[in-house]
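So the sequences go chain by chain: A and B. At position 301 of the first sequence the residue is numbered 304 (our numbering), and the sequence of numbers has no breaks. At position 39 of the second sequence the residue is numbered 42 (our numbering), and the sequence of numbers has no breaks.
Any given hint could turn out to be false.
A pair counts as met if it fits within one copy or between any two copies, since identical chains are not told apart.
Unchecked claim - Derived pair list, reagent style EDC-like, types lysine to aspartate or glutamate, alpha-carbon separation capped at 16 Å:
#1 K169 x E258
#2 K366 x E117
#3 K120 x E196
#4 K31 x E196
#5 K412 x D321
#6 K236 x E258
#7 K63 x E50
#8 K366 x E331
#9 K228 x E48
#10 K120 x E195
#11 K228 x D65
#12 K169 x E332
#13 K149 x E239
#14 K63 x E145
#15 K120 x E170
#16 K228 x E14
#17 K380 x E332
#18 K228 x D78
#19 K169 x E145
#20 K344 x D173
Since the hints were derived computationally from the structure, they do not count as laboratory data.
There are 2 protein chains.
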Amino acid sequence: MNAAILCVGTELVTGVVRDVNASFLIEKLLRKGIFPKWVSFVPDEVEEIADSVRFFIERKADFLFVVGGLGPTADDLTREGIAKAVGRPLHFSEEAWKNICCFYSRIRGIEPPENNKRQALLPEGALLIPNEVGTAPAFVLEGRPKIFAFPGVPREVEFFWHNLEKEIPDVPSEMYRSATLKFCGIGESQLEEQIRPLLLALPRNLRFSFLPNYGEVWFFLYGHKVSSEEITKGEEILESIKSTFSSYLFSQYGETLEEAVGKMLLEQGLRIALAESCTGGLVGSRITDVPGSSRYFERGYIVYSNQAKITDLGVPEDILNRFGAVSEETAQYLAEGVRRKAQTDIGLGITGIAGPGGGTLEKPVGLVYIGVSDGTKTVVRRFQFGGDRLMNKRFFAQAALTTLFVFLKERHKNG
Amino acid sequence: MNAAILCVGTELVTGVVRDVNASFLIEKLLRKGIFPKWVSFVPDEVEEIADSVRFFIERKADFLFVVGGLGPTADDLTREGIAKAVGRPLHFSEEAWKNICCFYSRIRGIEPPENNKRQALLPEGALLIPNEVGTAPAFVLEGRPKIFAFPGVPREVEFFWHNLEKEIPDVPSEMYRSATLKFCGIGESQLEEQIRPLLLALPRNLRFSFLPNYGEVWFFLYGHKVSSEEITKGEEILESIKSTFSSYLFSQYGETLEEAVGKMLLEQGLRIALAESCTGGLVGSRITDVPGSSRYFERGYIVYSNQAKITDLGVPEDILNRFGAVSEETAQYLAEGVRRKAQTDIGLGITGIAGPGGGTLEKPVGLVYIGVSDGTKTVVRRFQFGGDRLMNKRFFAQAALTTLFVFLKERHKNG
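My request is simple: use the sequences and hints to build the entire structure.
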């Protein structure tokens, strides 16, 4: 079975916004074994939308997802485009309008503006799917392809997918994709060089992919129309990769690094506090992205100024003067200081130069020191990255979580 | 003039590789004033490639870029797909083969493998464009659309673009796009309803786009084949929108909300400190995404636990017990407490329930209180969102920056 994804929005074809919805749907469809054979982007124009829908009808796609262009404004033309392509008029749905009014009064405490009425228009025969996280309803049109029209706000796409995925069959045998193994603390080429001998036995129809991802390396196998013998062989190879590289492996079922670290903290019964300088709160934000993180995350200090480092965490002024705010010594004091201050088991300290300013020959932009302490042992690691400010912040946060991961792994191994 | 971009590759529609080539071409085409009206991705299948090419021929696109699928292996089928669509046979080009052989001996010091001969096939009448950075030659087919077939390796796409862009006219007046006005603190429909009367005077060829973006609304005008009179008229309308909605307008040249807020703090000579609970550091991270933010950002406290709220910022235990950690009162104490503790001009406090757990009937998941204080005045605002944990965190951070923006705007207006 196959599917087409049609994303509607002038912003998508003029580079204002980068697509996330098509990527989301591609991944979900693949998990169901459905091949997302066509992915297209068109501007907010009735003719273009209608033409593309007709194209997928002619191609006999099994499913068509039309995403975006269901908003209340006059440039939201997906309803009109689909109606035109399938040759059905638009009707005003009282039920849709009632839902929109409910959403408005619940969230905003007001009546919806008059122009929201456009959102209650549906092609004749379409099944209305109420929106619980926004105003625009989705709709489904039976036929070949079965058409799903979703609003383009990413969380609404997710909402409707979860609501409607039961209407899309699971056909796992057609498209195979293995679990994604995620590694940290090892470089892509190093990992590939070591894994490559294991891949010599890979069946013909299976392919592999290494994806570097901000200091992580992701690896998976995939293939189209793969036999079950080939899959079994592939899975055996994956198992041997997993056991050979277990010290770097933090995820195989989609977990993020912050989830993996959170799980280790919980399992080891540890609470943690953070002292962040150059990352400005990014590490805290990632750690608290995990539901239930309050069970192990106590608090964080964003000690951006030197004054904050001194008064909040007791970093000696002398250390800052002698070695600088970005130094091994400061990272150590931050990790140990925050651990003491917050009375936690683990303290994590991060200090670096995100740029673009603030670098010197000796301490260039992209330099970061990460300290981790458990009261008996403090480890400080130094990393040098070469991105712009936002990239560096992202790499720094990743390096902090990686250092913590390795520290906890070691600590666990040693008893 | 318009263009279509057709990216060929099963890896693109199966989520293994994220597109960069279409994004590259979109940007280059827009700079030339050419509207990239269609962007499509298809797998490595002759029929799909041919069908899509035919679609763009029928749509009378001016230019068609077919990217990818020109490699030496059996799944590289772009040559066959284009030949089929335009009804011309493939011919073996001695010249192409000579170039491939030269490249091989120069770079690898060997003869090319036999399967590379496929790369020397060209549709009859196509103009060969030698590849200096890889093996696959590109080709150009005159007609409507004028077809450019490029190999899919990003640096080869760049190479061929630079080689061939002279064949694509510069029509800077043809594609117009205004600056993007970004608003916060006002909903999309509300804004549109109020802007609509101003849009009645919009010239016929100009269109507008409203884009909701996590609590922001982006607005711009665009059009294809717009006269300079129409552009002047459009810009006048933009000016009147800007002055009418100046209290909500924070950006017109691409600035982010955190940049706009940072600029206001600098201009007003204010330093700020943060007390974040549910956002876990996300607001601090966004504020410090801005280079030079150390000039106004002093520090932040991620007071995740109640203990942290009490010991670090002096929120009275009694307040937490009586009103709860997520309450107007706590938000007020956080804003005022962090301002005092860090000795800054402004304090910003955020407390809410990101979910999925922790909600009650009275205080559901998605509820957040934002407090801002400047020592003489403290404002607390309540927001209710309806997303999952990550969405809520994102909305909370956005609401915090919006509340701060409105506070600073008011403060500036009043003296």
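Tested hints:
Taking the shortest Cα distances, K169 and E258 never come within 16 Å of each other, neither inside one copy (24 Å) nor across copies (41 Å). For the homomeric pair K366 and E117, neither the shortest alpha-carbon distance inside one copy (59 Å) nor that between copies (30 Å) is at most 16 Å. In this assembly of identical chains, K120 and E196 lie within 16 Å of each other by CA distance solely across copies; the values are 12 Å between and 59 Å within a copy. For the homomeric pair K31 and E196, neither the shortest alpha-carbon distance inside one copy (31 Å) nor that between copies (36 Å) is at most 16 Å.
In the homo-oligomer, the alpha carbons of K412 and D321 never lie at most 16 Å apart, since the shortest distance is 34 Å inside one protomer and 41 Å across protomers. For the homomeric pair K236 and E258, neither the shortest alpha-carbon distance inside one copy (25 Å) nor that between copies (52 Å) is at most 16 Å. When the C-alpha separation of K63 and E50 is checked against a cutoff of 16 Å, the pair qualifies only between copies, where the shortest distance is 13 Å, while the shortest distance within a copy is 20 Å. When the C-alpha separation of K366 and E331 is checked against a cutoff of 16 Å, the pair qualifies only within one copy, where the shortest distance is 12 Å, while the shortest distance between copies is 44 Å.
For the homomeric pair K228 and E48, the shortest alpha-carbon distance between copies (14 Å) is at most 16 Å, but the shortest distance inside one copy (36 Å) is not. In this assembly of identical chains, the alpha carbons of K120 and E195 lie at most 16 Å apart only when taken from different copies (13 Å versus 55 Å within one copy). When the C-alpha separation of K228 and D65 is checked against a cutoff of 16 Å, the pair qualifies only within one copy, where the shortest distance is 14 Å, while the shortest distance between copies is 37 Å. With identical chains, the CA atoms of K169 and E332 are never at most 16 Å apart, being 56 Å at best within one copy and 44 Å at best between copies.
Taking identical chains as interchangeable, the C-alpha atoms of K149 and E239 are never at most 16 Å apart, the minima being 37 Å within one chain and 45 Å between chains. Within a single copy, K63 and E145 get their C-alpha atoms as close as 13 Å, which meets the 16 Å cut-off; across copies the closest is 31 Å, which misses it. For a Cα distance limit of 16 Å, the shortest separation of K120 from E170 qualifies neither inside one copy, at 28 Å, nor across copies, at 46 Å. For the homomeric pair K228 and E14, the shortest alpha-carbon distance between copies (15 Å) is at most 16 Å, but the shortest distance inside one copy (36 Å) is not.
Proximity of K380 to E332 under the C-alpha cut-off of 16 Å is restricted to the intra-copy arrangement: shortest distance 14 Å within a copy versus 41 Å between copies. Taking CA atoms no more than 16 Å apart as the test, K228 paired with D78 passes between copies only; the shortest distance there is 15 Å, against 40 Å inside one copy. Taking the shortest alpha-carbon separations for K169 and E145, only the intra-copy value of 15 Å comes in at or below 16 Å, while the best inter-copy value is 48 Å. In this assembly of identical chains, the alpha carbons of K344 and D173 never lie at most 16 Å apart, being 52 Å within a copy and 57 Å across copies at closest.
Of the numbered hints listed earlier, those contradicted by the structure are 1, 2, 4, 5, 6, 12, 13, 15 and 20.
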